[in-house]
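Chains as they are written, first to last, in my numbering: chain X, 1 to 636; chain E, 1 to 371.
Mixed in with the good hints, there may be bad ones.
To be verified - Covered stretches of chain E, going by a simulated chain X footprint (3 or more residues, C-beta under 8 Å): (1) 20-32; (2) 250-262; (3) 274-280.
These are calculated hints, taken from the structure and not from any lab test.
In this text, all values refer to a predicted model and were calculated from it rather than measured experimentally.
The beta-carbon is built from N, C-alpha and C at its ideal position, and this holds for glycine as well.
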Amino acid sequence: MKTKAREDNIRKRNKIEEKYSWDRMNDADEERRSHRKRATIATIFVLIIFTTYLFRLYEVQISEYEYYAIKSESNRIRIRPVQALRGNIYDRNGQILAKNVSTFDLIIKKERINDDEVFLDKINEVLPKSKLDIVSIKEQLTDRRAKEVVLIPNIDLEDYSLISVDKHLLPEMELSPKAKREYIYPFSTSHILGYIGKVSDSDIYSDVVNIQEGMTEIGKLGLERFYQNILSGEFGYEKLETDARGEILRTIETKDPRRGDDIYLTIDIELQNYIYSLMKNKEGSVVVMNPNNGEILALVSAPGYDINMFTKSISSKNYNKLIKDPRKPMINRAINGQYPPGSTLKPFIGLIALEEGIVDSDKLVSCNGAYLLNNHKRPFKCWKKEGHGSTDLSYALTQSCDVFFYRISELTGIDTISDKIYKYGFGQKTYIDLYNESSGLVPNRDWKYKMKQLPWFPGETLNVGIGQGYFLATPLQLTLATSSLATAGQTYTPHLLRQIRDSKTDTIEKYDFSNNKFITSYPNLDYLDIVHHAMWRVTNERGVGTASQLKKVRNIELAGKTGTAQVYSLDKGKTDKKQLQDHALFISYAPFEDPEIVVTVIVEHGGGGSSVAAPIARDAIEFYINSKEELITKNE
Amino acid sequence: MSDFISYSQRQYGGISSILRIDAKIFIAILIITFLGLLTIYSSSSGDLSLVIKQATRIVIGIITMIFIAQVHPDNLRLFAPFLYFVTFILLFMVLFFGVGNTADRWLDLYLFRFQPSELMKIFVPLMVAYYYSNKPLPPKSTYLLIASLIVLAPVLMIMKQPDLGTALLIGMSGAIAILLAGISLKFFIGSSLTIILLAPVLWMNMHDYQKQRVLTFFDPESDPMGAGYHLLQSKIALGSGGFFGKGLFNGTQSKLGFVPEHSTDFIFSAFGEEFGFLGVLLLLSLYLFIALRGLTISVKATDNFGRILSGTLSLTLFLYVIVNVGMVIGFLPVVGAPLPFMSYGGTSMVTLFATVGIIMSIKSHQRILRK
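Produce the complete structure using the sequences and hints provided.
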C-alpha cells in the first residue's frame, strides 16, 4: 500500500527529475573518460611548466650564482673613506708654517629634510643671510650623491654659539668636525707654500699627484702641490653594512688612516719675514741660498697674498680681485719673473771673454761714454756720459762700464756667449722643488730666426753683453749662477725641502743634497779670482765700487754686482711714472772669503741697483749673520 | 535506497577521515606554511608579532578548511548561484563604496574589511562548475558563451577597481574551468587567438602604473632604480642564495630591505635567498604534489560538478604559484599576486584554505557505485 507520504515523496522526485531531465541523458562513462583525458593533458602542462621553472631557477641560482652573489655583496657593503690628517710644514728651525686646525661645518642630514621649500625658508629665517650660499645649498639639495647639506662651512665655535641661540627653530642642524688648513704667515710664505683646494678634474688627470678614494682637498700650488703625496698621508676606510635606505647598520672592517708626513723646509722663517718686510710696497723678488748645499733660506716674491683665503673656499669676488690686481700678487716672481739681468750678467760675460782669450787681466779698453759699431748710426752709450777712460776688466766690473763690455762681447760674438752662458744655469730650469718654473731666455741666431724670421744683428750682441735686449733670467737662475761663482763651480740643485718626518715611525729622512751636485768647469781659477776681486771691489772700494756706499756688515765682507735693467714700458705715452723706471738688481755672496749665502735682489721699477737693490741684500746678509750668531750663543 | 554508498563509510576511521580532510595535502600545506613562517620571521629580523599574526591566520584558515570539508558538494552546488550573485553585487558596491590606498579593493563592513575579489577566486570556478555540471557532452557553443559571461563579468568589474592581477588570475581560473568542463580544442585555440588580438584594447584601458609594470617586465635593467628595481633586487636575492642558500637568518637582501615586500608578494625570493636551490626545489615540489593530488581527486570524483570544481581549484592553486614565482624569476610581469600559503596576508590565506577545503570535501564525499 502506498501511503500518502510516499506518494508525496514520489511526486516530489518526479518534479525534480522533470526539472533536471533533458533531451539527452548524461553518459556518466563518457564524461568520466573525457575528464580523465583533460586531466591528463593538464598534468602534462603542469609538469612542463614545473620543469621549465626549475631550469630557470637552476640558471639563476647556480649558473649565475657568482654574478648575483657579487651584486648582493655590493648592495649591502659600502666603503667609506676616512680622511688622513695632512702633514704639517715647519721651517728649518722647527717653527710651524702650516698646520691643521679643527673647525666645523654646519650641516643638515638629507634624510631629515622633508620639504625643500620649507627647509629653504626656514634656514633663511634662522641663519644670518650674509653667511649662506643659497646657490650652493640648492645645488647640494639636488645632488643625489650628497648625503648632507652644508649650510655654513668652516664655522668656529664662537659663531656657532651665536647661531645656536635660535637652534630650537632648526633642531635638525648639527656640527660636523673637520680639519682646516691654516697658514701662520699667509702673506710672506704664500709663494713657497701655495695652498690647498677642492679636487678638480685637472687634478684627477694630473700625473704628479695621487688621488685617493674620498680625497676632497689637494695641494694646488707651491710646496702643498709639490709634496702633496707626502703631506696627504694614506686614507683609511670603513667597510660598512647598510640597508636599502643607506642607513648604516654596523662596521665590518676598518683601516685606520695614516697621517701625512711632516716636512721641514730649508726656509728660515725669521729671515723670510724680515726680507718680506723690506720688500713692503715693492714688487720684486729676493732669493737667499746657501751655495754649499743648495738650501733656500728665503724665497720672497712681493707682494704676497693671503693663502688662508683659499682654505675657506675663496669667493669668486675675492679671487677676481686677486687676479686683476695690477701688482700681480699671484705670480711667484722668484721662479716665474723673467727679467733682463742688466749689469749683473757682466761677471759671467767677463769670465767667458777671459776663458776664450778675448781679454786678460791687463787688457785695456778706452771708454769715452759711448761705443760706435760699424754700420750703426747711433752710438751705444755707457751709463757714465763722460766715460771711464782706459779700463781693464776688474775696473770695468767695479764701475760697471758698459763700453768695455760692448767691446768684449763684440769680440766674443753671440754664438760663443749664448753657448757658454748655459753652464751658469741660464736658459734652463733650476729644478727647484716647485712646479711651473720658468726657464728664462738665452737668445741666439736660431732662436731669433725662429721667433722673428730675422737674422741676428751685431748690435744685439752688444745688448746681450750688458744683460739687456732679449736676454731674460729669473731671480732663482741668477742666484744659482752667482753661487756657481761663489763656490767655483760646485753647485747644488736649489731646494726648499730639508727633511721629512715619517708620521708612523717618527724617523727623519733628510734631503740628500749631495745627490744633486753639479760641477761646472772653470778652466783657470785665476780668471775667477779676477771676477771675485772685482765683485769685492764693487761693495768695498770706497768711491769706485757701484755699491761701495753700503754700510759694513759687522766684521764680514760681501761681494756683489749691481744691475739696472732698462725696461721699455709698453705704455710710454701714458706717464705712469713708476712703469718707466728701471728694474733694480743686485747679486751678492757673503762672507767674501768663505761664502755661506748668496743673495739676489730684484726690485721691479725700483730704479738703480746700487741705491735700491743692494741695501736690501746687505740688510738680509746682516740679518742672517746676526741670527746665526744668536743661534751659536744660544747653543753655548 | 540510494544506489551509492558514501565513500567515507567505506574507509576505516582515522582522524583525517573523521574530519573529512586529505592528510597528504594537509601535511604538504602545513610544511609550506611553516616555511612561510620561518621566512617571515627571518626577513623581518625576528619580529615575532608578524609571525603570531600569520600563525593566527593559518589557524583560522585550517578551521575554515575543516569546516568547508564537512559541507557536502551537493550543497555547494545548490548555493553556487546564490554565492556568485551576492559576491557580484558586493563587487558592484566596491566600485562605489570601496576603500583602499592605491585602488579601491576593500569593502568596509564595519566589523571587518575584506576584498570581494578574493571570494570570486573561489566562486567563479564554482559557478562554472555548477553551470556545466548538468550539461551533456559534447558541449554546445551556447554553453560556452554563457560560461564566458559568468567569468568575464566579475573579471571586468575587478579590472575597473583596478586590480589587474586578481582580474587576470580569476579570468584564467575561469578559463581552466571551461577547459576542464569540456570545450573542443578548436574552440580553445580560437579563443586564445581572440585574446591575443584583444591585447591592444586591454593595453589602451590600462592605467599608467600598470603599463609601466608591463614595460619594466620586458626590460627590467632599463630602470634599475625605478620600477625595475624590485625585480632586479629580488633576482639578486634569489641568485645569491646559490645551491644551499645563505642559511636561515642570513639573507642580507631581504633582511636589509633590498627586496621589497619580502614577506608578501616577494617572499619567494626571500625564501630562495636563505634556503637556496635545494629549498626552492622542495617548495615547488610540495606545490606540484598538491596540484597533482588535487587532479587525482578530480579524476576519482563521481559527478561532473565535483570533477570540474576540484580539478579547476587544484590547477588554479598551481597557477597562483606559477604567476608568483614567474614574476620573481622574470618570466612574467609584476602583478600583485601572493604565493599560496607562504605570503603574509589574511584574506588570501583564508580563501586558499577554503579552496583546499572544497577539494577535500569533494574527495571525502565521493560516492562509489554499489557493486
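| request: Provide an ascending list of the numbers of those earlier hints which the structure does not satisfy. | output: 1
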